[in-house]
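Asker: Heads up: the protein sequence lines correspond to chains A and B, in order.
Each step along the first sequence adds one to the number in full-length UniProt numbering, with nothing skipped, and position 100 is 100.
Each step along the second sequence adds one to the number in full-length UniProt numbering, with nothing skipped, and position 123 is 123.
Relax, there's no trap hidden among the hints.
Copies of the same chain are indistinguishable here, so a pair counts whether it falls within one copy or spans any two.
In the EDC-like style, the derived pairs of lysine to aspartate or glutamate whose C-alpha atoms are separated by at most 20 angstroms in a straight line are: (1) K63 with D52; (2) K197 with D50; (3) K197 with D88; (4) K197 with D245.
It is worth saying that the hints were derived from the structure and are not from the lab.
Treat the numbers as computed from the prediction; the structure is a model and nothing was measured.
There are 2 protein chains.
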Amino acid sequence: MQSDNPTAAILVIGDEILSGRTREGNAHHLAGVLSATGFDLREIRVVADDNDQIVAAIRAFDKSLGGAYDLVFTSGGIGPTHDDITADSVAEAHGTTVEVNPQARAILQARCDRMGTELTPNRLRMARVPVGAVLIDNAVSGAPGFSIGNTHVMAGVPEVFRGMVAWLVPRLSGGRPVQSDTVEVRRGESDVAEELKAVAEEFPDLSLGSYPFQDATGWGTNLVVRGLDVARVAEAMATLRQRLDL
Amino acid sequence: MQSDNPTAAILVIGDEILSGRTREGNAHHLAGVLSATGFDLREIRVVADDNDQIVAAIRAFDKSLGGAYDLVFTSGGIGPTHDDITADSVAEAHGTTVEVNPQARAILQARCDRMGTELTPNRLRMARVPVGAVLIDNAVSGAPGFSIGNTHVMAGVPEVFRGMVAWLVPRLSGGRPVQSDTVEVRRGESDVAEELKAVAEEFPDLSLGSYPFQDATGWGTNLVVRGLDVARVAEAMATLRQRLDL
Numbered sequence: 001m002q003s004d005n006p007t008a009a010i011l012v013i014g015d016e017i018l019s020g021r022t023r024e025g026n027a028h029h030l031a032g033v034l035s036a037t038g039f040d041l042r043e044i045r046v047v048a049d050d051n052d053q054i055v056a057a058i059r060a061f062d063k064s065l066g067g068a069y070d071l072v073f074t075s076g077g078i079g080p081t082h083d084d085i086t087a088d089s090v091a092e093a094h095g096t097t098v099e100v101n102p103q104a105r106a107i108l109q110a111r112c113d114r115m116g117t118e119l120t121p122n123r124l125r126m127a128r129v130p131v132g133a134v135l136i137d138n139a140v141s142g143a144p145g146f147s148i149g150n151t152h153v154m155a156g157v158p159e160v161f162r163g164m165v166a167w168l169v170p171r172l173s174g175g176r177p178v179q180s181d182t183v184e185v186r187r188g189e190s191d192v193a194e195e196l197k198a199v200a201e202e203f204p205d206l207s208l209g210s211y212p213f214q215d216a217t218g219w220g221t222n223l224v225v226r227g228l229d230v231a232r233v234a235e236a237m238a239t240l241r242q243r244l245d246l
Numbered sequence: 001m002q003s004d005n006p007t008a009a010i011l012v013i014g015d016e017i018l019s020g021r022t023r024e025g026n027a028h029h030l031a032g033v034l035s036a037t038g039f040d041l042r043e044i045r046v047v048a049d050d051n052d053q054i055v056a057a058i059r060a061f062d063k064s065l066g067g068a069y070d071l072v073f074t075s076g077g078i079g080p081t082h083d084d085i086t087a088d089s090v091a092e093a094h095g096t097t098v099e100v101n102p103q104a105r106a107i108l109q110a111r112c113d114r115m116g117t118e119l120t121p122n123r124l125r126m127a128r129v130p131v132g133a134v135l136i137d138n139a140v141s142g143a144p145g146f147s148i149g150n151t152h153v154m155a156g157v158p159e160v161f162r163g164m165v166a167w168l169v170p171r172l173s174g175g176r177p178v179q180s181d182t183v184e185v186r187r188g189e190s191d192v193a194e195e196l197k198a199v200a201e202e203f204p205d206l207s208l209g210s211y212p213f214q215d216a217t218g219w220g221t222n223l224v225v226r227g228l229d230v231a232r233v234a235e236a237m238a239t240l241r242q243r244l245d246l
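The following block holds chain A by itself, in its conformation from the complex (with noise of 0.2 angstroms):
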């Protein structure tokens, strides 16, 4: 598909994603977010709670630190544990230090006061961040998140990382929304390849996709058009289901 819009990565960062303990969803929202306001998500990383893997997955990501993506989202990591390290490996891929950030102490001794606790030293690592970031709200849970470069770090409990997401993403510059159409046949992918591959051909600002199933039925087939201008997509799903006789 040909496409101007800025280009994104996932970070996804867990044991439990890798033990299997876990399903992750998180990228999966944020994937659907990103092709609904016009970023193209060009790769997925799961890496382990491990700061070299962090590190590297952040410098190959960050158009900012010489990557290949104009933005990275990374989720998880971001909590008061000894094994939540992603906003020193996020400072150290981006060639700084840590620090407790006084916004965000405020609004941990705000949550606090309001529960009646105390902003316990473990408490307090969630507010801290890399030096030179910008808080992403939590309206979950309090904790921010935060943005350095073009990284931007949210947490991995879905709930919260759904609603940094829901804050952040409209404050981004994207560009044009992906629009789609499928249609679903009730054959096989090698009995409609032919037909889909020349629809390809003749539309190659397109991206045409096939995406076999199996139900109760027996064998089917999802055919997908997907574009950034809505008449083009319009005019190749018009085009594909005449050669198919639908």
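Given the coordinates of chain A, work out where chain B should sit on it, guided by the hints.
Answerer: Relative to the frame of chain A, chain B by itself:
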């Protein structure tokens, strides 16, 4: 967690994951299987149906090509359509070319004969594998996966992927399965961070993780101990329970 188990990475190939259309589940399934059979999954990457991205990832991953991990598993892009480029890209990464594999051709021909269909050029695409590859059985839909070097290439359709994993993984030389134990506490992560850190330091051979969640009755945290020795995991969990007065 200390482990001398073989290391592994998963490469998921498919625009439909990055567009947000499909929620990836194959990596999650395989992650659980690898944990249970003694492989140490270190990284998951999702890339587009893009030759450069696939070649770069295979080279970064496969130890036989100078990459970082003992084993590589891929999901997706081995069907009959124009955007199914995985076999070609994996061949390129391994410095070889693709050919129609006679055994794969026979499998597809037998299936077509059984179903009364023709082995069209598009169907025959699914018999193209890198020179030197060994086939992976597909009991679900016929068209095989393949192994070359340390790279194991499987289909993206979930039923087919699972079938290939079930056939392949028992044939690989694994290490010791991961043992884990979990306890749920009705406290926030901050309120257990101290105890968790102390036990983590006392058991440096194990991995201790904390996973906060929110449900109808408020916030809670799952505490997970993981390691290769079941007695050590039990000992650490007992120590943790004692420290937390559980």
